[in-house]
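Colleague: Chain B: place on chain A using the hints.
2 protein chains.
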Amino acid sequence: MAKLILDISMSLDGFVAGPSQTLEEPLGKGGEQLHEWVFATKAWNESHGHPGGEVNADSEVVEESLRNTGATIMGRRMFSGGEGPWEDDPNADAWWGDDPPFHHPVFVLTHHAREPEAKEGGTTFTFVTGGIESALEQARAAAGDQDVAIAGGANVAQQYLAAGLLEEMQIHVAPMLLGDGVRLFESHLGPRWREVECTRVIESPMVTHLRYNVSA
Amino acid sequence: MAKLILDISMSLDGFVAGPSQTLEEPLGKGGEQLHEWVFATKAWNESHGHPGGEVNADSEVVEESLRNTGATIMGRRMFSGGEGPWEDDPNADAWWGDDPPFHHPVFVLTHHAREPEAKEGGTTFTFVTGGIESALEQARAAAGDQDVAIAGGANVAQQYLAAGLLEEMQIHVAPMLLGDGVRLFESHLGPRWREVECTRVIESPMVTHLRYNVSA
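Chains A and B, in that order, give the protein sequences.
20 is the number of the first residue of the first sequence in the numbering used here; add one for each residue after it.
20 is the number of the first residue of the second sequence in the numbering used here; add one for each residue after it.
It is possible that some hints are incorrect.
What the hints assert, rightly or not - Once the Cα atoms are required to be at most 35 Å apart in a straight line, the calculated DSBU-like pairs of lysine-lysine come out as: (1) K48/B to K61/B; (2) K138/B to K22/B; (3) K22/A to K48/B; (4) K138/B to K61/B; (5) K138/A to K61/A; (6) K48/A to K22/B.
What the hints assert, rightly or not - Each pair of labels, with its calculated beta carbon distance range: (7) E152/B to G183/A: 40 to 50 Å; (8) E214/B to H67/A: 21 to 31 Å; (9) N87/B to N87/A: 34 to 44 Å; (10) P224/A to H67/B: 32 to 42 Å; (11) G71/A to P224/B: 36 to 46 Å.
As the list claims (entries may be wrong) - Which bits of chain B does chain A cover? Going by a derived footprint, with three or more residues having C-beta under 8 Å, they are: (12) 28-42; (13) 54-65; (14) 214-224.
Source of the hints: derived by calculation from the structure; they are not laboratory data.
All residues carry an ideal CB built from backbone N, CA and C; glycine is no exception.
Bound conformation, chain A alone:
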């Protein structure tokens, strides 16, 4: 069966977004730099319909992830673009534009029922009000034998971790200190102490890819 994997970029000091998030800067101050390594890859540029990009270890990691992922789960704020006053609008548009980079079904956790939206390039947004298990069930069905990825935010990832549903984590450690912002491991919702198993380390000049088996 498809695995549930968290695939996320994090600063060395543990942040997945910087402080002062706005619609213009949904990842906060310095947050976008966490993803510089992705933007530099050929695989990412191709998936966004752009020419160019590097073919390197980072690009292979992105390619693998694109190839293996059949569905994505995200929180409501990630759908509409970070935190902010607009998060109170349950009908806010997707922050991701007309041709989002997913190219597969995306399930958005929300408290407000809403019609599904089909975008260009194969991305569909389905709004799930039944909680994380319902979202996972639907995502698994959509993904077939491919993996289901948690795109974020951090709180959504923590909910799946706490529920014992998360099976793998791939954390891309970016060589920077953000100093403030949204921590991936801010609020531990689950059992306090747990071991995980490091299954793969890939290094590159721009980032270190750490892969962990979480299900134990």
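Modeller: Chain B alone, transformed into the frame defined by chain A:
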């Protein structure tokens, strides 16, 4: 000149000690497991006068660190064993016993003047009331052309980072989630956003050693 390096074990979720620190468990719940990879190495056991231990990538990292370090700086609480009521006693004994594992001069940051103490095996504790720059100056003089290591705690490391004095970090990422405790990057005292340079990644089954150049 000798470099100032922070060499520290951290959980994947960013903690260098667990919660509920006591004299019996100075690293808190789960904190000692952060160092399991060290205890398993031949290099560590040798430096503690114990037989046995593994000769592997981890042991080489420990050996390198022992070989290169000529002096250590630590905070007052690390000297006397974690946080707790006893930290108010400026004359508390070293938690490290009669034969501490340093075998070189150790400089303890404190607000209370106190006579130096020479222990067995070459470890001396010198108490520095003149602040972090004074401690560094004394440690550099003692280390000669070897490196000066910051042993911790996290707040001491942050002070050196904020002052722009820290030159390298070697963070040993242990494959575990502590969930709570003392974060290495809790309180950023310095400039908020900064890049660092990842200069080396060494992986082993028990831990991932990430080395960064901080001085930029």
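Colleague: Hint compliance check: list the failing hint numbers for this structure, sorted ascending.
Modeller: 13
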